[in-house]
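Student: One-letter residues, chain by chain:
Protein chains: 2
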Amino acid sequence: MSRDLRALFNPRSVAILGASNDPAKWGNRLALGALRGEGSRAVYLVNRNGGEILERQAYPTLADLPEAPELVVLSVPAEGFEDAVEASLAAGAKALVGITTGLGETGDEGRAREAAIVDRVREAGAVLLGPNCLGIFDSATNLDLGWSELQGGSIGLVSQSGNLALELALLAEDYGLGFSRFASLGNQADLEAGELVRSLIDHEPTRVIAVYCEDFRDGRAFARAAQEAVEAGKPVVLLTVGGGEVSAQAARSHTGAMVSSATAVEAACRATGMQRVRSPRELIDLAQAELARVRPRGRRVVIVGDGGGHGIVASDIASAEGLELPPLSEELQGRIAPHLPDAAPTRNPVDFAGAGEQFLTIFEDVTRLLLESGEVDAALVTGYFGGYSEFSDEFQSEETEVALGMARAAADSGRALVVQSMYPRSPSLVALREAGVPVYREIEAAAWVLARLADQAEQPPRGVPELPSPVDGPPPAGYWEARELLASAGIAFPSARRVADFAEACAAATELGYPLVVKALGPLHKSDAGGVALGIESEKALEEALAEMATLSAGGYSVERMAPVGVELIAGSIQDARFGPVVLVGLGGVYAELLDDTAVALAPVDAAQAEELIRSLRGSAILAGARGRPPVDVAAAAGAVAALSRLAASRPELTEIEINPLLVTPQEALALDARALSGENGADAR
Amino acid sequence: MSRDLRALFNPRSVAILGASNDPAKWGNRLALGALRGEGSRAVYLVNRNGGEILERQAYPTLADLPEAPELVVLSVPAEGFEDAVEASLAAGAKALVGITTGLGETGDEGRAREAAIVDRVREAGAVLLGPNCLGIFDSATNLDLGWSELQGGSIGLVSQSGNLALELALLAEDYGLGFSRFASLGNQADLEAGELVRSLIDHEPTRVIAVYCEDFRDGRAFARAAQEAVEAGKPVVLLTVGGGEVSAQAARSHTGAMVSSATAVEAACRATGMQRVRSPRELIDLAQAELARVRPRGRRVVIVGDGGGHGIVASDIASAEGLELPPLSEELQGRIAPHLPDAAPTRNPVDFAGAGEQFLTIFEDVTRLLLESGEVDAALVTGYFGGYSEFSDEFQSEETEVALGMARAAADSGRALVVQSMYPRSPSLVALREAGVPVYREIEAAAWVLARLADQAEQPPRGVPELPSPVDGPPPAGYWEARELLASAGIAFPSARRVADFAEACAAATELGYPLVVKALGPLHKSDAGGVALGIESEKALEEALAEMATLSAGGYSVERMAPVGVELIAGSIQDARFGPVVLVGLGGVYAELLDDTAVALAPVDAAQAEELIRSLRGSAILAGARGRPPVDVAAAAGAVAALSRLAASRPELTEIEINPLLVTPQEALALDARALSGENGADAR
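In order, the protein sequences belong to chains V and H.
My numbering numbers the first residue of the first sequence as 1226 and each following residue consecutively.
My numbering numbers the first residue of the second sequence as 1226 and each following residue consecutively.
Hints were generated in silico from the structure; no laboratory data involved.
Warning: the hint list may mix true and false statements.
Note: identical chains are not told apart, hence a pair may lie in one copy or across any two.
[Said to hold, decoys possible] In silico SDA-like cross-links for lysine to any residue, where the CA-CA straight-line distance does not exceed 25 angstroms:
#1 Lys1250 with Gly1262
#2 Lys1765 with Glu1348
#3 Lys1765 with Arg1442
#4 Lys1250 with Thr1331
Here chain V stands alone, though its shape is the one from the complex (with noise of 0.2 angstroms):
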């Protein structure tokens, strides 16, 4: 949905129904907010006992006003928040932004009500923003509803709680930062956050779009809307919850939110370029950086420090954030030795051995040197530049000079300048701030920020996939029926005979030749419970297996031919409640679980894609052939890993589907187990 959000944040009128003189209410802070905005709007205070309050005449109704209100602020008990509602209608206000609590949040009863609301207020052609939500902001119109902490600026927020958003706004302000906008979300039941963020796409004060959400509603939607604002040059910057199962319970008892799987969310985040983040720091840190438009080709680093011991540490912490430093070549060390002591190390680190105090334009001079050089992707000031300032007014005014002229080699070179300094809030960073180059007061968060932009970089967003209709299917009741699906999805398995008894066994291994594998059609998790036999080399063999699971075999058993040696992946299907089908790849085996490799992608995937997940994992050496072995067939295990793709698609109602081992050779991809789960047949299909 994209709708006109106009008089939800530029209105010509605003009535504040619940407004209070009492500083404690939240109505209170609600008028204040909103005369502060009076040079740009009508401003009515509501109170149903009228009198006056904030030394304005306070009107006891709605119905009372001298004009329509186009945005009405709803601060009033829950049990009156549908009368609030439609005697807002009735006053014709287009925008409602509802500050009650007690509804959707508090379980079933509440939804149900909020629903009904939504349809009047929808019918009426107007939004409802919450309710259960803190406010709005903005800061091009001088509407502050709720908000007066926030400054100014060009990052777009919406946000789901409002102490974040608060501690958000703290942050940015270290680095003169500020916001173009506010949406507190509350409980979405109209206004989502994907509509919300598609509204700032086109809103020109906003640079940068920052999320804080525990709910995505309709998940393709908002990674839709991610998606497009990303392409349209703004970034999204993105904090959610539920990495860990704690904080997910934690969410759903918040706000009786439907929280999505870390796994859901990274799929999202790569199908659209979206840039996840864990805390509120790592959201300004990062939001400094694309604000100030740093785009680094790749990760290829040089760091510069004035003191040795800087520039080591800070190697050291960019080494393990993933990034490259390569040693200068000869000719580049050639270049910027002469502007340096005798002794400087000048391979990378760069080290100016305490020589920016003598000369100070070194600074400008070498870092323009190496951002001009071609032989790296950023360069990482750090240490103590910025304190020169301290020295004296004339040191002050040199290095604001050196600063500025590092901003523009910078933006000549086209390549990343990041710097560090202990000096954050010296007057020389802030005008390279103002300038366009992000300055961090801390080492990991320089070589963070320029980490994850260069991951950027290296993974360009596929986009949303469309979901396929729908189609209709039993669920599969056991592993056979599972692995019948997934081979008529188009999934290689070993040759296999259902059989019911030895002698049909016997016919099976004839046709299939030994080895053979014999698994169990019953319930259990057949390898755990001893139900598969591997590498069944004769008939006595045969009969011996059969006779031991005889037990688990309710369904019969399955005769297969048994598989040749090869790499293990896992691949894998969710259903997640907001973002809908996610693939997932990973390494299986035995060290599957420690090794925590997986890549994922929101479904469905094609095998062009699927390939690119599966090289993107950490251990995808190993199928290139480790140890002298032959690498094997990766586009077979990508053309498996689609395949499931589009099943999981096709069949939301599967909440999850596994291949554990997909067995890559050097001549194709084989599943050795299939697993299917619905909500229907409850229990494992394996």
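Given the structure of chain V, go ahead and fit chain H onto it with the hints provided.
Tutor: This is chain H only, laid out in the frame that chain V set:
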């Protein structure tokens, strides 16, 4: 070495050699600093031109002083350094601080000059700090030689970088922390990091020891000093370099430092209880908690937020740091619920749901209930607390009362309390910090600190082992000799015979029995080059194998019994230039490199310590028998690791020993390969 350093840190008189009126010179800064201590000692400014410096009479030479200077600071050009030292000793100095650069850090010649100077200094019963150092600071004795930026406090700092020391000082200020003493290490020609750390153990004002060090010199002595400090209740926090190859190389070129590997530093930390950090920020974050004597006994944490968002974000971050967030018992939830609004989540995280504003005392009441419950080792309060002081003076005094109550609750319960606040400098939180509760601005810092302290609680230091006397012996020339060396040290190998040709091989086969393994005894890496044949089942296969590897077998062949299946470990040792022998153990096999799962210790270790190392591997669950396999003989593996560590400790010329794989079966631990490098044999001995 442990000498009396009173003359260095509390001299009765001090002379500044090279004092200057020029504010751009260090000699000016030193003189200014020294003069600030005139109330505590006589200060003499020395400059060969005499005249007046900083409105004091300057002496042309040390011989002109009216009394012997106990401490002389030498800020003179390198070429005059020896003369200055002689003059100082002649004048009766007992401590020298060498600011002068251009000596040991420039190469062998400089190091030789330093060695000669140190001989002279020690002969005279004096001590020398530096040269190439930046001065010293002692808060209690009012001694400030170059470090006017340092605030007094309880951190004793030893640093090889002046700029990093400055950055630490600036970061410490945020938390109201300062320094009891600071020594700039410089080239450590005489006084080394270890001796300076040791001097802080009995230094009453020092409560936490912070170290930035690039070169540990006598690493075992340093480690023993750190161990004693930790045992004396003075935590040691270490910032060092060399995590990455780039930084190691840079540090070498910075001061000619012998940089220890991250492995050796980690081993030293495990032995001593010293805590390694990776940045100045981390050092100060951890120091704050150590100064507050926060001592969680384990990793169970309850998170307390005044709004849902903060609690949930904190939960994700705490989980990611490895903290545990146990759900609180129904009984405990029942006891805290009456303090909170109806719908407030109490499971963990505990969410006040905004109720703090109405009843600020719930912060104290609920925190006390949680800390005293015994269900958690620590409470982490996150978000808004501290911000209530912004409302009014009444709120500020109430919040301060509550904060002090929280500190009392922590003290009474003996559990840990850490606070993260978006208002970390609020007066209420300054009071809280002064009452012994660390307060952080960033949630990741608070969670990281708690996790590191929990790690500490779980890994009691094992002490720095004594090194045995070195044993002589020939360096092993190749695999066979390495195998014999390790076998003689008590490490089990599969039975094997060294043979020269097929006839001898047949005889060996008869003796050993099939299946067999054949290895070519040549200089190349056997398995890469095709010099290993596994699973030989017959004389014919044996003949073929010998023929195929004929060109690789300059030294004949090893015919070995084929090992059974089992879990593969890697065991090895390195000799660190500073910390000496270090033993490593990790999971082996094809995923070993990906997992990067190793445990390290200063060698030698006994079998119990070796077993502890093996069990500390993340992947150690595999040893207990995954997927239906029986558990393997960890004690046998530990015995092999301990034997290897003793060998490494007694043969320091063996720069590297490796057993890869060390095969562990349910019955035994067998070394399937052996490798030992020395400076002499140069190439691999495999």
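Student: Failing hints, ascending?
Tutor: 2, 3
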